[in-house]
Each structure stands twice: as C-alpha cells, then as structure tokens.
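Undergrad: All chains should be built: construct the whole structure from the sequences, respecting the hints.
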Amino acid sequence: MIAFIGRSVIQKIVTLFFVSIVSFVIIHIAPGEPSQVDPLNPKFTPEMVARFRQAFHLDRPLYVQYAFFYRDLLTGHTVSWKDNQPVLHKIGERLLNSLPLFVVGTLITWTISFPVGIRSAIFRGGLYDRGATFLSYVLISIPGFFFAYLLIIFVVNQFQVPVIGMQTFGMNDTPAFHHGMDRRWHMLLRAVLGATGGIAVLSRYVRGQMLEVEGQDFVRTARAKGLPWEMVHYKHALRNALLPFVTMFGLVLPGLIGGSVIIESIFSWPGLGRLAYEAILARDYPVILTINFIAAVLVLIGTLVSDLLYVAVDPRIRL
Amino acid sequence: MSPEAAPSEFRLETPPAPARTRSEEFWRSFRRNRMALAGLVIFVLFFLGAVVGLVLTSGDRPLCDPALVRLPEKLRPPLSTPHLESLAPEERPALGIYLFGTDDLGRDVFVRMLQGAWVSLTVGFVAVGISVAIGILLGGLAGYYGQRRIRLEQLLVMAVLLTGAGLLAAGLRTWAVLLLAAGHAWLFWSISPWGIQHRRTPLRGLDFLRRNTLMVDTLIMRFVDIMLCFPSFFLILTVVALLPASIYTIMTVIGLTSWEGTARFVRAEFLSLREQDFVAAARVLGVGNLRIIFRHMMPNAIAPVLVSATLGIASAILTEAGLSFLGFGVPPPHATWGNILSDGKRFIFDAPWLTFIPGAAILIVVLSFNLFGEGLRDILNPRLRERH
Numbered sequence: 001m002i003a004f005i006g007r008s009v010i011q012k013i014v015t016l017f018f019v020s021i022v023s024f025v026i027i028h029i030a031p032g033e034p035s036q037v038d039p040l041n042p043k044f045t046p047e048m049v050a051r052f053r054q055a056f057h058l059d060r061p062l063y064v065q066y067a068f069f070y071r072d073l074l075t076g077h078t079v080s081w082k083d084n085q086p087v088l089h090k091i092g093e094r095l096l097n098s099l100p101l102f103v104v105g106t107l108i109t110w111t112i113s114f115p116v117g118i119r120s121a122i123f124r125g126g127l128y129d130r131g132a133t134f135l136s137y138v139l140i141s142i143p144g145f146f147f148a149y150l151l152i153i154f155v156v157n158q159f160q161v162p163v164i165g166m167q168t169f170g171m172n173d174t175p176a177f178h179h180g181m182d183r184r185w186h187m188l189l190r191a192v193l194g195a196t197g198g199i200a201v202l203s204r205y206v207r208g209q210m211l212e213v214e215g216q217d218f219v220r221t222a223r224a225k226g227l228p229w230e231m232v233h234y235k236h237a238l239r240n241a242l243l244p245f246v247t248m249f250g251l252v253l254p255g256l257i258g259g260s261v262i263i264e265s266i267f268s269w270p271g272l273g274r275l276a277y278e279a280i281l282a283r284d285y286p287v288i289l290t291i292n293f294i295a296a297v298l299v300l301i302g303t304l305v306s307d308l309l310y311v312a313v314d315p316r317i318r319l
Numbered sequence: 001m002s003p004e005a006a007p008s009e010f011r012l013e014t015p016p017a018p019a020r021t022r023s024e025e026f027w028r029s030f031r032r033n034r035m036a037l038a039g040l041v042i043f044v045l046f047f048l049g050a051v052v053g054l055v056l057t058s059g060d061r062p063l064c065d066p067a068l069v070r071l072p073e074k075l076r077p078p079l080s081t082p083h084l085e086s087l088a089p090e091e092r093p094a095l096g097i098y099l100f101g102t103d104d105l106g107r108d109v110f111v112r113m114l115q116g117a118w119v120s121l122t123v124g125f126v127a128v129g130i131s132v133a134i135g136i137l138l139g140g141l142a143g144y145y146g147q148r149r150i151r152l153e154q155l156l157v158m159a160v161l162l163t164g165a166g167l168l169a170a171g172l173r174t175w176a177v178l179l180l181a182a183g184h185a186w187l188f189w190s191i192s193p194w195g196i197q198h199r200r201t202p203l204r205g206l207d208f209l210r211r212n213t214l215m216v217d218t219l220i221m222r223f224v225d226i227m228l229c230f231p232s233f234f235l236i237l238t239v240v241a242l243l244p245a246s247i248y249t250i251m252t253v254i255g256l257t258s259w260e261g262t263a264r265f266v267r268a269e270f271l272s273l274r275e276q277d278f279v280a281a282a283r284v285l286g287v288g289n290l291r292i293i294f295r296h297m298m299p300n301a302i303a304p305v306l307v308s309a310t311l312g313i314a315s316a317i318l319t320e321a322g323l324s325f326l327g328f329g330v331p332p333p334h335a336t337w338g339n340i341l342s343d344g345k346r347f348i349f350d351a352p353w354l355t356f357i358p359g360a361a362i363l364i365v366v367l368s369f370n371l372f373g374e375g376l377r378d379i380l381n382p383r384l385r386e387r388h
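Chain order of the listed sequences is A and B. Residue numbers for the first sequence follow this note's numbering, so the first one is 1 and each next one is one higher. Residue numbers for the second sequence follow this note's numbering, so the first one is 1 and each next one is one higher.
Each hint should be verified, as a subset may be incorrect.
Claimed, not checked - Selected chain B positions facing chain A (in silico; Cβ < 10 Å): (1) Pro231; (2) Leu235; (3) Phe278; (4) Val279; (5) Ala280; (6) Glu374.
Stated by the list, open to error - Take a look, some chain A residues computed to stay more than 12 Å from chain B by CB distance: (7) Thr75; (8) Ile118; (9) Val156; (10) Phe177; (11) Gly226; (12) Leu242; (13) Thr247; (14) Ser265; (15) Ile280; (16) Asn292.
No lab work stands behind these hints, which were simulated from the structure alone. We put the CB at the ideal spot given by N, CA and C, even for glycine.
TA: Dropping the structure here:
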C-alpha cells in the first residue's frame with residue numbers, strides 16, 4: 001500500500017513537472033506580449049515598456065523565465081502583472097466566492113441523480129425512464145448560456161427576485177434574515193445551473209450501473225428465492241452498483257476550477273472562472289499559469305484519491 | 001433413375017447463410033430506436049440547411065446577404081413583412097418576409113442563421129476529424145507497438161528537434177537552424193541503408209545511445225495523462241485568446257485538445273484484439289503489420305470510436321458556440337449561432353427571438369448528435385443487442 005502511494009505520488013509529480021513546462025511554453029510561444037496589450041495607452045512609453053520587461057524578467061531567455069516563475073510560485077511570491085497583487089491572495093479571495101457554489105451544486109447533483117437514475121433502471125423502458133432519458137439528453141445538449149437566460153427570464157418574471165451578481169447593492173444594513181435570503185436567491189440559479197449538467201450525466205451513469213448489476217446472476221437468485229422487491233433492488237443490486245461512484249468523489253475535485261467561465265460572466269459572479277477569463281484577456285501570465293497549475297494539482301490529487309478509495313472499497317483489488 | 005432426382009444427390013454441404021446480413025441487422029435495430037432515428041433525420045436536415053446556407057450567402061453578390069444593414073427595419077419580430085416602400089430594391093429580403101425577424105441593425109436573422117449553420121457544421125466535423133485522427137494514431141501506436149522500447153538516441157533526436165522548433169518559434173534563428181539540421185542529419189543517418197545495415201551510431205564512442213529506455217506505451221499514455229491535467233475549456237480559451245481570431249484556429253484547437261478519450265479507447269481495443277486468434281492467424285500467414293492494423297483490427301475497433309466521434313461533434317459545436325458567445329472566434333461581420341445570441345442578449349426583453357432562435361437551434365442540433373451517438377452505442381454494443 002505504502003509502496004503504491006509512493007509510486008503514484010512520484011509519477012504524479014513528474015506529470016506535474018511536464019504540465020508546468022507545457023503550459024509555460026504554450027503561453028509564451030503565442031504571438032504578442034503582455035507589454036503590447038494596450039499599445040494606445042499614452043502612459044506606455046518605450047521606456048515604460050523596457051522597465052516593465054526588465055522588472056518581470058521578460059527580456060531574459062525562456063528557461064530563465066521558467067525558473068524564476070516556478071521559484072516564485074512554489075515560495076508563494078508570485079505577483080499579478082496587472083495590479084501587482086499577490087496571485088495566491090487574489091485566487092484565495094475568488095475561491096471563497098466559488099466554494100459555496102461548488103458545494104451546493106455538488107450536493108444538488110448527487111442528491112438528485114441517484115433517485116432519478118435508480119428509478120429509471122428499475123422501471124426500465126417505461127414512461128418515466130424514457131422521459132428521464134430524453135430530459136437528460138436535452139440538459140446535456142443545451143448550451144449553458146442559453147439555459148442561463150431561460151432561467152433568468154423565468155425566475156425574474158415569476159418571483160420578482162434579483163439574480164445577477166452576488167448580492168443586491170446596499171443590502172448590507174438590512175436585517176440578517178433579509179440579507180441572507182438575498183444572497184441565497186443570488187446563489188440559487190447559479191448552483192442549479194452548475195448542477196443540471198452534472199445531474200444529467202450522473203443519473204445516466206447511475207442507471208447504466210444499476211442495469212448492469214440487475215442483469216447479474218445473484219440478483220436473479222435473490223428474486224427467485226422470493227425476497228421482497230425492495231430488498232432485491234436496494235440491498236442486493238444497489239449496494240453493488242454503488243462501487244464505481246465511490247471513486248467519483250475524487251473526480252469531483254477539478255470541477256472547482258474548470259468550466260464555469262461563461263456562467264460566471266453572465267451572472268457577474270466574481271469567482272475563479274471569471275478571474276481566469278479576466279487574466280486571459282489582460283495576458284496576466286502569472287495568474288493564468290497559477291490557476292492552470294492549481295487545476296492540474298487538483299486533477300492529480302483527484303485521481304490519486306479515487307485510486308485509493310477504489311482500493312479501500314473493492315476487496316477484489318489487491319496491490 | 002430419373003434425371004430430375006440428380007441435383008439432390010449433389011447438394012453442397014454448406015452451412016446456411018445468416019438470414020440477414022450485418023448491415024441489414026444494423027438498420028433493423030436502428031429503425032427500432034426512435035430517438036436515434038430522429039437524431040439522424042435532424043442531422044440530415046441540418047446538413048442540407050448548412051450547405052444551402054453556404055451556397056446562398058457566400059460569394060461576391062450573394063442571393064441573400066447576411067451582412068446587409070437596413071436600419072429602418074431593426075428589431076422586427078419573426079414572420080413580419082418588410083416595409084417595402086422604405087427599402088431599395090436590392091435591400092428586400094429574398095423570402096419576402098423576415099422569417100426569424102431582424103436584429104438591432106436590421107439584418108435578416110434567418111439568413112444569418114443559415115450562414116452560421118455552416119460554421120457550426122464545419123467546426124464540429126473538422127475538430128472531431130482532427131481529434132479522431134490523432135486519437136487513432138497515438139492509441140493505435142500505443143496498443144499495437146506499445147511493448148517496443150524506445151532507444152535513447154530516438155528520445156534525444158526528438159528532444160533536439162522539438163527544442164529546435166521551439167527556438168524557431170521564439171525567434172532564435174541561428175540556434176534553431178543548427179539544432180534542426182543536427183536532428184535531421186541524425187535521422188537521415190539512421191534511416192540510410194548504411195545506418196540500418198550496421199545498426200550502430202556514426203561514432204563508435206556513442207554506441208551507448210542505442211540503449212533501450214521507455215516503452216512506447218508508457219510514453220504515449222503519460223502524454224495523455226499530461227494533456228488530461230489541463231481543464232479543457234480553459235486551455236481552449238487561453239489559446240484562442242492569444243492567437244489571431246479565425247475559425248480555423250478554433251477548429252484546430254478544439255481538435256488538438258479533445259483526442260485523449262479516443263486514444264484510450266483505441267489503445268484498449270487494440271490491446272485486446274492483438275491477442276486474438278484471427279490476428280495471430282493473419283500474422284502467421286505473413287500479413288504485414290500495416291495490413292493487420294488497417295484491414296483486420298481497425299474494423300473491429302471502430303465502433304466505440306464512431307460513437308465517441310458523434311458525441312464529440314456535439315460537444316465541439318457547444319464549445320464553439322460558447323467561444324463565440326464570449327466574443328472569441330469568427331470576426332464580427334460573419335455570423336455564427338453563438339455570436340447572434342451574444343449580440344441579441346442585450347435585447348432579451350424587447351427582442352427575445354434574438355436569443356431564443358439561435359439558442360433553440362444549437363440545442364436541437366446538439367441534441368440530434370447526442371441522440372444519434374447514444375443510439376449508435378446501444379446498437380453497436382453486442383451485450384445490449386436483443387437475441388432473436
């Protein structure tokens with residue numbers, strides 16, 4: 001076990017090293033430079049540009065820049081080129097905004113997908129199953145931004161509540177209950193939007209797993225010896241179908257960063273995706289690279305956790 | 001003995017042919033899957049629409065000009081008739097009415113949707129073509145030749161060539177040319193008859209370079225792991241934002257960042273296929289490697305690739321729409337479904353059709369690809385097939 005963990009950690013560190021090289025090279029090989037983002041700005045005299053390039057080591061060869069950048073990153077001293085703020089501080093601030101959404105979205109996804117998927121599998125081919133299947137295809141296929149506008153129109157017209165941003169301006173002095181409800185309304189749509197895609201995919205997956213287990217011999221045996229059907233479905237079938245989902249806990253982790261750029265810019269939600277988007281537009285290389293690095297670390301930790309969980313849960317796997 | 005009875009004595013002992021051929025069987029189960037069939041029908045309609053749209057809207061003097069601005073006619077609702085008296089003859093819509101209304105500049109949304117259909121179609125197919133090609137190549141290499149080992153010199157030459165290309169891109173001409181020349185010289189040496197015959201390096205002292213190192217499989221699969229570490233939409237966004245805006249950049253970037261799944265499928269299929277008897281038989285008969293790969297193994301491995309390609313087209317169309325929505329991609333006068341929606345969102349309460357029409361179009365097309373792909377998966381999966 002220890003040997004397995006040690007080997008995977010070393011392998012993951014090597015992978016991370018190559019990821020850092022690839023992302024650095026991708027960003028620096030692209031045409032254009034951060035010093036040329038705003039050529040029309042009168043403050044950007046050639047001397048300013050030269051000083052800027054020198055201050056951020058842009059005049060040094062690439063491998064020196066690489067060494068400087070990752071030394072700064074690992075010691076936590078990276079600063080944003082846009083406003084000289086420490087990058088980790090900026091990211092931490094945005095992470096606090098993204099975290100509640102991520103947690104609520106994940107909870108909604110996991111609590112809804114399982115009942116839906118299990119019911120679909122039990123009544124395979126019925127009206128409910130076909131309806132749920134079609135609905136989940138629709139939810140997978142709908143463009144996130146279009147769905148966001150549909151929901152905004154619906155909620156704003158039906159419930160007369162504000163949904164854009166994190167809270168209504170000037171709500172800080174109101175009683176705690178109003179303030180809290182206001183924030184909850186602002187968060188609800190975002191969380192639902194983040195969860196729908198997940199619900200569609202996960203419930204299909206639950207259904208597939210259930211169907212596979214229900215077709216196996218031990219379930220037929222359980223049914224044949226006359227067990228009540230809830231016993232057959234929920235005890236014999238479901239417990240065995242749950243196995244692969246334990247590993248998915250690890251794979252949820254990267255969702256913290258990826259894939260919410262569009263939704264966050266529609267809702268003006270100051271989260272991580274929006275920070276990344278702004279950094280890309282401003283060619284703020286340290287922020288882009290740091291977010292990328294953190295995303296890669298999350299992916300690697302996620303796979304490690306899911307491997308370990310699998311070993312812990314499935315007695316058939318031996319190391 | 002009568003001559004009529006003769007044929008029965010010479011009856012051949014052949015096994016009865018299956019009642020239906022494989023493709024007949026395929027069509028039978030396909031027609032029974034109504035959602036997949038609907039997906040295929042919508043896809044064919046979309047394809048025809050995109051081709052018609054390309055013919056009607058391109059060229060110097062297109063039949064319907066999607067960029068024609070009619071300011072007096074702005075924000076007309078769908079199905080409204082134009083005010084003919086205020087329009088010059090060449091400004092009249094070709095259909096006689098504004099089928100999908102007009103946008104804030106008075107451009108005909110129907111014609112713009114037609115123009116955008118071609119963009120969605122090509123982005124989907126070209127991006128998936130690129131990703132499937134890379135996926136099959138790398139997955140096939142890893143699956144078929146995966147157990148071979150790479151020699152140290154090969155790794156070195158690859159590193160030298162890559163560094164050279166990188167330096168060339170970074171602008172250091174002299175070093176780049178030197179490195180590239182050295183790398184190519186080594187390559188030519190090793191594939192020249194002399195190099196192959198002697199199986200050694202040009203200098204005796206460098207023979208340690210022929211030592212075996214990594215396996216091909218390890219190298220390729222670690223590369224897949226590295227690529228999977230990037231959050232894909234973020235990576236695409238970064239590259240698209242840094243490169244000059246064009247539809248070709250988007251296609252290429254989406255293709256280059258979405259091949260990992262295909263590579264894994266193909267590798268897994270090849271690993272199991274190459275151990276099977278028919279491949280061993282082909283090899284014993286002296287069939288060449290390439291023929292084994294493309295004639296014997298590929299047809300058996302293609303089913304999951306086909307399914308993931310269909311689903312990949314759906315996600316490529318969604319990605320392109322998302323990028324257009326954020327304002328990257330095709331430069332403005334050219335319409336795409338994403339940027340029609342993005343321009344129209346400012347008028348969402350006054351002119352909801354500018355949001356709903358492109359949004360619904362993307363939804364329907366992506367849905368058709370998803371339904372078709374999932375139907376294909378069910379039909380091609382022998383475990384789910386009904387036994388007759």
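Undergrad: All hints, please: hold or fail.
TA: Verification of the hints:
no.	hint	verdict
1	Pro231	holds, 3 Å
2	Leu235	holds, 8 Å
3	Phe278	violated, 28 Å
4	Val279	violated, 28 Å
5	Ala280	violated, 30 Å
6	Glu374	holds, 7 Å
7	Thr75	holds, 22 Å
8	Ile118	holds, 19 Å
9	Val156	violated, 9 Å
10	Phe177	holds, 31 Å
11	Gly226	holds, 27 Å
12	Leu242	holds, 21 Å
13	Thr247	holds, 16 Å
14	Ser265	violated, 7 Å
15	Ile280	violated, 5 Å
16	Asn292	violated, 7 Å
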